[in-house]
Amino acid sequence: DIQMTQSPSSLSASVGDRVTITCRASQSISYYLNWYQQTPGRAPKLLIYAASTLQSGVPSRFSGSGSGTDFTLTISSLQPEDFATYYCQQRYAIPPYTFGQGTKVEIK
Amino acid sequence: QVELQESGPGLVKPSQTLSLTCTVSGGSISSGSYYWSWIRQSAGKGLEWIGHIDTSGSTNYNPSLKSRVTISVDTSKNQFSLKLTSVTAPDTAVYFCARDSNNWSSYYFDLWGRGTLVTVSS
Numbered sequence: 001d002i003q004m005t006q007s008p009s010s011l012s013a014s015v016g017d018r019v020t021i022t023c024r025a026s027q028s029i030s031y032y033l034n035w036y037q038q039t040p041g042r043a044p045k046l047l048i049y050a051a052s053t054l055q056s057g058v059p060s061r062f063s064g065s066g067s068g069t070d071f072t073l074t075i076s077s078l079q080p081e082d083f084a085t086y087y088c089q090q091r092y093a094i095p096p097y098t099f100g101q102g103t104k105v106e107i108k
Numbered sequence: 001q002v003e004l005q006e007s008g009p010g011l012v013k014p015s016q017t018l019s020l021t022c023t024v025s026g027g028s029i030s031s032g033s034y035y036w037s038w039i040r041q042s043a044g045k046g047l048e049w050i051g052h053i054d055t056s057g058s059t060n061y062n063p064s065l066k067s068r069v070t071i072s073v074d075t076s077k078n079q080f081s082l083k084l085t086s087v088t089a090p091d092t093a094v095y096f097c098a099r100d101s102n103n104w105s106s107y108y109f110d111l112w113g114r115g116t117l118v119t120v121s122s
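From first to last, the protein sequence lines are chains A and B.
For the first sequence, position 30 matches number 30 in this note's numbering, and the numbering has no gaps at all.
For the second sequence, position 55 matches number 55 in this note's numbering, and the numbering has no gaps at all.
If you are wondering where the hints come from, they were derived from the structure by calculation, not from laboratory data.
Remember, predicted model here, so these are calculated numbers, not experimental data.
Please note: incorrect hints may appear among the correct ones.
Claimed, not checked - Cut-off 20 Å, straight-line C-alpha distance, at most; resulting in silico cross-link-like pairs (SDA-like, lysine to any residue):
1. Lys-45/B / Asp-1/A
2. Lys-45/B / Thr-53/A
3. Lys-45/A / Lys-77/B
4. Lys-45/A / Ser-19/B
5. Lys-77/B / Ser-19/B
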């Protein structure tokens with residue numbers, strides 16, 4: 001299985017801050033990397049697919065980059081509704097399609 | 001718009017079979033070239049993809065669960081289902097159904113049900 005490792009596991013930030021979350025794959029997954037946002041009691045919501053393509057309706061303050069094994073999710077100016085847990089997920093070739101352990105973004 | 005809704009027992013006894021159904025509303029399960037997935041989330045293992053099916057009935061499963069999992073589809077009812085046999089306490093989780101969409105060669109879960117908590121306990 002391809003292991004996905006996110007860092008940090010949690011972070012504290014203030015409204016307006018720039019936030020960066022990193023995801024590393026245990027082997028190259030090209031650009032087959034997706035990012036999701038989850039708030040308590042809700043299902044994950046797709047933010048970005050194919051490493052850098054913004055899902056329809058997602059604010060432009062979210063962006064993604066990377067390829068191969070190293071990927072980044074950036075929130076350019078953190079908003080109150082962005083306090084949540086973020087997951088990366090690889091969708092490369094053969095199953096299983098694995099998720100990172102999550103990064104919890106908390107209010108500072 | 002298309003919505004997904006999970007249904008099934010919230011409590012299953014150890015060694016028994018967990019059975020869940022996902023109903024697709026607001027559109028046909030057969031329209032478009034999608035896979036239909038089951039994903040679970042537990043405190044111990046985070047988010048775990050269980051498997052998926054397309055409307056021809058072709059399936060892929062997580063190898064770690066493959067011996068215990070069956071996913072089926074009923075296009076006449078606009079539903080797909082999950083069966084997980086011989087459950088134990090570690091199978092306790094919130095179970096989500098999700099649509100597995102694609103854009104060129106990229107696949108992603110773009111639509112999710114709200115999730116249903118299944119507890120394995122006697």
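Do the hints match the structure? See the list:
Pair hint Lys-45/B plus Asp-1/A holds up; C-alpha atoms about 14 Å apart against a cutoff of 20 Å. Only pairs whose Cα atoms come within 20 Å are accepted, and Lys-45/B paired with Thr-53/A is rejected, the gap being roughly 28 Å. For the hint linking Lys-45/A to Lys-77/B, the alpha-carbon distance of about 26 Å lies beyond 20 Å, and the restraint is violated. A threshold of 20 Å between alpha carbons decides the hint, and for Lys-45/A with Ser-19/B the separation of about 25 Å lies outside it, so the pair is violated.
Pair hint Lys-77/B plus Ser-19/B holds up; C-alpha atoms about 16 Å apart against a cutoff of 20 Å.
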